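Since the structure of chain W is already known, use the hints to place chain H on it.
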Amino acid sequence: NAGVTQTPKFRILKIGQSMTLQCTQDMNHNYMYWYRQDPGMGLKLIYYSVGAGITDKGEVPNGYNVSRSTTEDFPLRLELAAPSQTSVYFCASRVDVHEQFFGPGTRLTVL
Amino acid sequence: TQLLEQSPQFLSIQEGENLTVYCNSSSVFSSLQWYRQEPGEGPVLLVTVVTGGEVKKLKRLTFQFGDARKDSSLHITAAQPGDTGLYLCAEPTVSGYSTLTFGKGTMLLVSP
Numbered sequence: 044n045a046g047v048t049q050t051p052k053f054r055i056l057k058i059g060q061s062m063t064l065q066c067t068q069d070m071n072h073n074y075m076y077w078y079r080q081d082p083g084m085g086l087k088l089i090y091y092s093v094g095a096g097i098t099d100k101g102e103v104p105n106g107y108n109v110s111r112s113t114t115e116d117f118p119l120r121l122e123l124a125a126p127s128q129t130s131v132y133f134c135a136s137r138v139d140v141h142e143q144f145f146g147p148g149t150r151l152t153v154l
Numbered sequence: 278t279q280l281l282e283q284s285p286q287f288l289s290i291q292e293g294e295n296l297t298v299y300c301n302s303s304s305v306f307s308s309l310q311w312y313r314q315e316p317g318e319g320p321v322l323l324v325t326v327v328t329g330g331e332v333k334k335l336k337r338l339t340f341q342f343g344d345a346r347k348d349s350s351l352h353i354t355a356a357q358p359g360d361t362g363l364y365l366c367a368e369p370t371v372s373g374y375s376t377l378t379f380g381k382g383t384m385l386l387v388s389p
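Just so you know, the protein sequences line up as chains W and H, in that order. The first sequence begins at 44 in this note's numbering and counts up by one. The second sequence begins at 278 in this note's numbering and counts up by one.
It is possible that some hints are incorrect.
[Unchecked claim] Some but not every residue of chain W turned toward chain H, in silico, with C-beta under 10 angstroms:
| hint | residue |
| --- | --- |
| 1 | Y76 |
| 2 | Q80 |
| 3 | V93 |
| 4 | A95 |
| 5 | D99 |
| 6 | Y107 |
| 7 | R137 |
| 8 | F145 |
It is worth saying that the hints were derived from the structure and are not from the lab. Bear in mind that the values here come from a model prediction, so they are computed numbers and not experimental data. Note that CB positions come from ideal geometry on N, CA and C, so glycine has one too.
This is chain W alone, in the form it adopts within the complex (with noise of 0.2 angstroms):
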């Protein structure tokens, strides 16, 4: 299993530029997460799927979007990158309450 995996790893967006984060878990895990990591600020939910076409907003969900198509794919959207957006992304998959299994993240910076 190669678990969660993300694409790209790193990625400059100049302002007003849109973006589509990949996420792929061959887990067959129901729930699937995207978190942000800021420097000293630990990860901040911004959605997440319960399973194939549902999806919920998190804590810092503005200027993102979602979609869950199959099981296995998790795609985040920007639309228009903002330097607010700079961060680090992470997607996970759980298969129940007390684990999540991360992907090694991507590095964004928008300038």
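This is chain H only, laid out in the frame that chain W set:
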């Protein structure tokens, strides 16, 4: 609003020293998880504690859950450079157990 306080924010020690980091909540934990995040990687679960007073050991790491389930500690014996990383505590979000609330973490640097 759930609030997880972790202390200290940053700890720099020499190899072989012992250390303890803490996680406290404004409310009673239903359960608590400890994750370690190595530089450039995603967090990895170390342990889950559920019962008040519980103690779990993972090699040189000892995890304690307070009797009242409002605090937890992680003690590392004879720290090694490989222990370097960000230690995060997390608990299920009160509004529903679908999500976790994370603390801001303790950054540990162990120098040879």
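Status of each hint after checking the structure:
A hinted interface residue such as Y76(W) counts as satisfied when its beta carbon comes closer than 10 angstroms to some beta carbon of chain H; here the least separation is about 7 angstroms, so the hint holds. Given hint, Q80(W) at the interface with chain H, holds; its Cβ is 9 angstroms from that chain's nearest Cβ, closer than 10 angstroms. Satisfaction of the interface hint for V93(W) is found here, the shortest Cβ-Cβ separation to chain H being roughly 6 angstroms, below the 10 angstroms cut-off. For A95(W), the suggested interface contact is broken, since its CB lies about 15 angstroms from the closest CB of chain H, more than 10 angstroms.
Against a cut-off of 10 angstroms between C-beta atoms, the interface hint on D99(W) holds, since the closest Cβ of chain H lies about 8 angstroms away. The beta carbon of Y107(W) is not positioned within 10 angstroms of any beta carbon in chain H (closest approach about 16 angstroms), and the interface hint is therefore violated. A distance limit of 10 angstroms between C-beta atoms decides the matter here; for R137(W) the minimum to chain H is near 9 angstroms, and the interface restraint holds. Annotation: interface hint on F145(W) holds; nearest CB of chain H at approximately 3 angstroms, less than 10 angstroms.
In summary, the numbered hints that this structure violates are 4 and 6.
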